[in-house]
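Take a look at the letters that make up each chain.
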Amino acid sequence: MFAYTIRRVITGILLLVVMSVVTFYLFYASSTTPERYACGPKCTAAQLETTKKSLGYDEPTYVQWGKFAKGVAVGRTFPDDPELRKAAPQLVQECPAPCLGFSTGYSAPVRSLIQDKLPVSFSLAIAAFVLWMVGGVALGITAALFKGRLLDRAIVGLSLVAFAFPTFFIGLLLLKFVSIRWGLIKLPAYTPLTENPWLWATGMILPAITLAVVYMAGYIRITRAFVLETMSEDYIRTARAKGLNQRTVIGKHTLRAVLTPLVTLSGLDLAGLLGGAIITEQVFNFNGVGKLSVTAIQRFDLPLIVGIVLLVATIVIVANIIVDLLYAVIDPRVRLG
Amino acid sequence: MSSSPTQVHDGTRSQSAGDPLLVVKDLKVHFPTSDGVVKAVDGLSYTVERGKTLGIVGESGSGKSVSSSAIMGLFHGSSAQLSGQILLDGTDVLTLSEKEMRALRGRDVAMIFQDPLSALHPYYTVGAQIIEAYRVHQDVKKSVARRRAIELLDRVGIPQPDRRVDDYPHQFSGGMRQRAMIAMGLVNDPSMLIADEPTTALDVTVQAQILDLLQDLQREFNSAVIIITHDLGVVAEMTDDTLVMYGGRAVEYGKTSEILTHPEMPYTWGLLSSVPEVTGDTSAKLIPIPGNPPSLLNPPSGCHFHPRCAHRDKVPGDLCVTTTPELVPGGRDPHHLKRCHLADPEDIYLQEVLPEIAPDLVDEIAAPEQTGAPGVHGTTGTTEQGGRA
Ligand SMILES: Nc1ncnc2c1ncn2[C@@H]1O[C@H](COP(=O)(O)OP(=O)(O)OP(=O)(O)O)[C@@H](O)[C@H]1O
Ligand code: SF4
Ligand SMILES: [Mg+2]
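These protein sequence lines map, in sequence, to chains L and B.
First residue of the first sequence: 0, per numbering that gives the first Met the number 0; consecutive thereafter.
First residue of the second sequence: 0, per numbering that gives the first Met the number 0; consecutive thereafter.
By construction, these hints were calculated from the structure, which means they are not laboratory data.
Glycine residues also receive a C-beta, built at the ideal position from the N, C-alpha and C atoms.
Treat the hints with care, since some could be wrong.
Cross-link-like lysine-lysine pairs, in silico, DSS-like; alpha carbons within 27 Å at most [stated by the list, open to error]:
| no. | chain 1 | residue 1 | chain 2 | residue 2 |
| --- | --- | --- | --- | --- |
| 1 | B | Lys141 | L | Lys251 |
| 2 | L | Lys51 | L | Lys85 |
| 3 | B | Lys98 | B | Lys140 |
| 4 | L | Lys52 | L | Lys66 |
| 5 | B | Lys254 | L | Lys146 |
| 6 | B | Lys98 | B | Lys141 |
| 7 | L | Lys52 | L | Lys85 |
| 8 | L | Lys41 | L | Lys69 |
| 9 | L | Lys251 | B | Lys98 |
| 10 | L | Lys146 | L | Lys251 |
| 11 | B | Lys27 | B | Lys98 |
| 12 | L | Lys69 | L | Lys51 |
| 13 | B | Lys98 | L | Lys146 |
| 14 | B | Lys27 | L | Lys251 |
| 15 | B | Lys24 | B | Lys254 |
If you want the footprint, here are the derived chain B segments under chain L, 3+ residues with CB under 8 Å [what the hints assert, rightly or not]:
| no. | stretch |
| --- | --- |
| 16 | 106–114 |
| 17 | 117–123 |
Based on the provided sequences and hints, a complete structural model is requested.
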């Protein structure tokens, strides 16, 4: 298991390297002049040239990537060009390892930008995750147990409706009615959990519900399908043939088997969300990684884009490894190696 | 199209040895599906006595497992439509509530399911599953149940049972899983045991061991046993009575020695002639009789077997196509029932069928004085036959 984990981590790192290269080349494949965004609207041709040079955009892509990689490994100093550093020592910035680069749009290190937003996205993702798992699994099991009856149809029907609505619509609906029209909860805003748990929770609830509704719809149907499939397994018939009551047959034998696919799916879904919920953050004006990535793309902020891409990729890779390790714990048949 | 109930033999044959533990009367199990009603079991009657073994044979899909699951009450609360009677020690299982049925399941009547790999829960250890089966019905501590599980694993021949008890099913070999399944079925000393293809997919040696084991255990507990199988060798060796099923119905039923030596129904002839001829063929599956098993949604008119029957021209008119034969005694023995219009099956069997499938047995069986188990043909390894298939 240890050797397996090491192997997975190494492949993961290689994958990240490849992704960073691909991101660099994709970025330069588009015909843009990123220095224009950094220089501002009233930029003279000479200023543009200096900006380009100070950002290192004048160098070939592979050199730029090499500098980025070096920054991640051992840190770097901005600007890269020694002459520029000498010319304006007051602008020189140290970026210790792992340095993800210097955002041209925000004029700040990418890492600190992301670190600032990460708690927002993490809070949102985890709150939504708890809601959708509890709701989705409970409703999915209920629907399966009442298969074909009214309750089942109602649950499945509602989940289809929820699934059909776009995220921003659900978000706006909640905002408009719960917060504005009925005034049940004040306008959502992020408060760090460490500062005030109550405000954190109340500020988080509407965006979390919005996100949860979308995922819950899927989880209801997946759970329902898993439960029904498991209930037709031979070993469930064996459990009944022992004389076990329905509660044990469902609660123990069936759910134990349903757990495995659910862990896999939910682990990967959670990972996807940890890297930012773009639409939800936008609708509720939450300053998370999702919103940050939108800005990064609008401003052609290459270092920021690379940083976010690698962050999201890292989360997904790590989640995959964790899910696979968990799988081996849950399913005795799985041998890692 | 189904036979009229008044004429149906009620199947409650009583034999001298032991009292009937299980009496199945006109059992029907119908599954409503979107395509129509699947008549998986359609009017089945039989009796099993304490200490006796009934063999149920028939092609895949003939309703063997479904009829047995009905005895376990496994269709309670499902959409399946059941009718008839299943008297287990005098109690009609079909009228019991799910709660009452639960008390019987696994304690008075247990089933060893076919395909133990899928019938054992992959995420629980073998021991845990046996312990659970025991503790449902016995109010004992886990440690006591564990000792019982180890004792039973030992009894069914699992080596180092105190260690293997903590293994998961996938760590067991096929034969060991089958033994574990048997251990689980026997943990509460059931008076009625149903073994659904207990030896399919096992190699010959293991197969023989498992059958011996079942026989020993039956003697020990004097339980009634139903063995469902494709293998007529198993039937010959293990059973007192045989029930041949076709398309959800009994087509021939009687003493095993009778049925195997003097079969009176063309489908049974087909079964006998399709036994694999190679001694010790491990798969022991029947070589299929030409043609397809009948649709259970739209069964053929008249005799369900008529589309595949090579002998229906010997029945006058188109009786086979228009009229369903009843399950009635043939000419030889009032307890030997068959569902066929043929007036003199014995002659046809001896003159047309037997010479083809087991020429060396013709004289032996035709001789009126000596008929009996040794003459059983078609069992694994006792014949060399031409074989139709
Ligand atoms: N729940 C169900 N709904 C609809 N049809 C069913 C259901 N269960 C079983 N059947 C059908 O009933 C028929 C009889 O099945 P059964 O399992 O009893 O066959 P079998 O004789 O045991 O065959 P095998 O030798 O392959 O085990 C099959 O055609 C099967 O498709
Ligand atoms: S009743 Fe007719 S078709 Fe059916 S088995 Fe007998 S001879 Fe064949
Ligand atoms: Mg079966």
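Next item on the list: Verify the proposed pairing of Lys27(B) with Lys98(B), using a straight-line Cα cut of 27 Å.
Entry: holds, 22 Å
Checklist line | 27 Å Cα cutoff - pair Lys41(L), Lys69(L) | finding: Violated, because 33 Å separates the two Cα atoms, which is more than 27 Å.
Checklist line | Hinted pair Lys98(B) and Lys141(B), Cα distance within 27 Å | finding: Given that 27 Å is the threshold and the Cα spacing comes to 24 Å, the pair holds.
Margin query: Hint check: Lys141(B) vs Lys251(L), CA-CA at most 27 Å. Holds or violated?
Written below: Status holds; Cα separation ~17 Å.
Notebook entry, point to check: Are the Cα atoms of Lys69(L) and Lys51(L) separated by 27 Å or less?
Noted result: holds, 20 Å
Check: Does Lys98(B) pair with Lys146(L) here, judged by a C-alpha cut-off of 27 Å?
Finding: holds, 21 Å
Next item on the list: Assess, step by step, whether the Cα of Lys51(L) is no farther than 27 Å from the Cα of Lys85(L), and give holds or violated.
Entry: Distance ~17 Å between Lys51(L) and Lys85(L) Cα, so the pair holds.
Next item on the list: Count residues of the stretch 117–123 of chain B with a Cβ under 8 Å from any Cβ of chain L, then say if the count reaches three.
Entry: holds (count 7)
Margin query: Next pair to validate is Lys24(B) with Lys254(B); report whether the Cα-Cα distance is within 27 Å.
Written below: holds, 18 Å
Next item on the list: Would you check the hint for Lys52(L) and Lys66(L), treating anything up to 27 Å between C-alpha atoms as holding?
Entry: holds, 14 Å
Margin query: Holds or violated: Lys254(B) and Lys146(L), Cα atoms, limit 27 Å.
Written below: Distance of about 45 Å is beyond 27 Å: violated.
Notebook entry, point to check: Within 27 Å, alpha carbon to alpha carbon, are Lys27(B) and Lys251(L)?
Noted result: violated, 32 Å
In summary, the structure is inconsistent with hints 5, 8, 14 from the numbered list given earlier, while agreeing with the others.
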